[in-house]
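S.K.: Chain residues, written in single-letter form:
Number of protein chains: 4
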Amino acid sequence: MVSSKTTIRIRYADTDQMKYVYNGKYLEFFEVGRTELIRDLGMSYKSFEEAGYMLPLYDAYVKYHSPAFYDEVIEIESTLNQKPMARLRIDYTIRVGDRVIATGYTQHAFISAETGKPTRSPEIFNKLIDKYFKE
Amino acid sequence: MVSSKTTIRIRYADTDQMKYVYNGKYLEFFEVGRTELIRDLGMSYKSFEEAGYMLPLYDAYVKYHSPAFYDEVIEIESTLNQKPMARLRIDYTIRVGDRVIATGYTQHAFISAETGKPTRSPEIFNKLIDKYFKE
Amino acid sequence: MVSSKTTIRIRYADTDQMKYVYNGKYLEFFEVGRTELIRDLGMSYKSFEEAGYMLPLYDAYVKYHSPAFYDEVIEIESTLNQKPMARLRIDYTIRVGDRVIATGYTQHAFISAETGKPTRSPEIFNKLIDKYFKE
Amino acid sequence: MVSSKTTIRIRYADTDQMKYVYNGKYLEFFEVGRTELIRDLGMSYKSFEEAGYMLPLYDAYVKYHSPAFYDEVIEIESTLNQKPMARLRIDYTIRVGDRVIATGYTQHAFISAETGKPTRSPEIFNKLIDKYFKE
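Chains as they are written, first to last, in our numbering: chain A, 1 to 135; chain B, 1 to 135; chain C, 1 to 135; chain D, 1 to 135.
No lab work stands behind these hints, which were simulated from the structure alone.
Remember, it's a predicted structure, so these values are computed and weren't measured experimentally.
Be a bit skeptical, because a hint or two may be false.
Which copy is meant is left open, because identical chains are indistinguishable; a pair holds if it fits in one copy or across any two.
What the hints assert, rightly or not - Here are the computed lysine-lysine pairs in the DSS-like style, where the Cα-Cα straight-line distance is at most 30 Å: (1) 19 - 131; (2) 19 - 117; (3) 46 - 117; (4) 19 - 134; (5) 46 - 5; (6) 117 - 83.
Hey, can you work out the whole structure from these sequences and the hints?
M.R.: Structure (structure tokens):
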């Protein structure tokens, strides 16, 4: 298991007329979370793409526990719970202080940019995470 | 069961550098779908709010089957498969022609704006859908 | 002079906690307006890109006359007032019924995708608009 | 004159299929800039709203100098060049390192939330900025 935390301050642009953060924004917050998780592992997602891979979403789930509001600072915890095989799953918990705002996950396919086809988790990625999943 | 279809043309703003529609946009498309479903039932979501109710999301799920691209016209089919009790669930299928782009659902709590508390599906809403769920 | 009108219904996602449409959204509405203007001229912006050109923004101006609200249908009028030379300028007026919501303009450079350099308005585009600017 | 700097990392969500940051996003970056400028002055925009005022946009201008790309860290410099009277004007410069990405401004009306009418710059705001505009 390996996880990472990052924070974002809620913008006016993120809110809707209910005064809540708009529901679709959470997938953007998940993106920020996993980008920082991958960076913490030692590689930017950008360099992952430059190495010829993409990680488009297979699916995504968000559970809304409690609204987040304008100007609050949310903390996104992103966790890789298991070594990816054909698919990469990342779990997220978003909090404001002790208040859980949202939980969820995204699953991603590894796609070779050259062939446009799914591949297994590439060596370049495995090398980064192997140490976290040793028996 | 009752369902509704509406279409949206993909904007440049919806795309990302993979040339795909950005994953978080689908929750916005689901919003457009259910808004039109509720309108087709005979009430705008706006008048539902004016009657003192809100429908914040409980959770949301999106499965990405095939990317959508700039300038394509997506068709969003939104379906109410069962009579809501404490929670309203709407299912979605997004297509471009015959190609399935995404499927998913959102679940919503009925919240009284006055008390801020969850309520059962209000009469104003039940009246609209009763005819579709007669045994 | 040539102009085009198109409509958009305001989404919950477009609103902010002031209950107004968020100010940044107007540039997205302008995009929809000019896309439909170009389509009305006889070419999709997509095919313009496929022909090897891009129209990135040089600058943009928005004046906010009156707020727009959730579920309102805005009408975007996009106008090409003069034949473009090095730069393409499009003017916009957004209305809800008779109420003027916003006015503004965007100016665009013609960029060759091959060289990444600015070019004059290409033949493929001139052909579409010449009839509107005959002396 | 008083100014403030803050940084934002470009998200995948911010990009479009040209691989550039989408033009409408800059108004969101300007929002982040002025929020931090006001916070640096000693008050959150949130508490400004809680004191009964709003700052809706009167107009906005963006000039796009050079594209910004995914994962780049942009620096937003927001400047209040003159003491506001009926209207507040803030100027912005966005840079990536030494590269100027965009410049622009927003002008805002001071609106009383109670009356919905424009007011002069309120005392609560004047107190924060007086020291920067002493002759």
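S.K.: Does each hint fit the structure? Answer for all of them.
M.R.: To see whether the hints hold, each was checked on the structure:
1. 19 - 131: So residue 19 and residue 131 fail the 30 Å test inside a copy (43 Å) and across (34 Å) alike.
2. 19 - 117: Result: close only across copies, 16 Å inter versus 42 Å intra.
3. 46 - 117: both (19 Å within a copy, 25 Å between copies)
4. 19 - 134: Neither, since 45 Å and 37 Å both go past 30 Å.
5. 46 - 5: both (19 Å within a copy, 25 Å between copies)
6. 117 - 83: For residue 117 and residue 83, the Cα distance is within 30 Å only inside one copy (20 Å; across copies 41 Å).
In this structure, the hints that do not hold are numbers 1, 4, in rising order.
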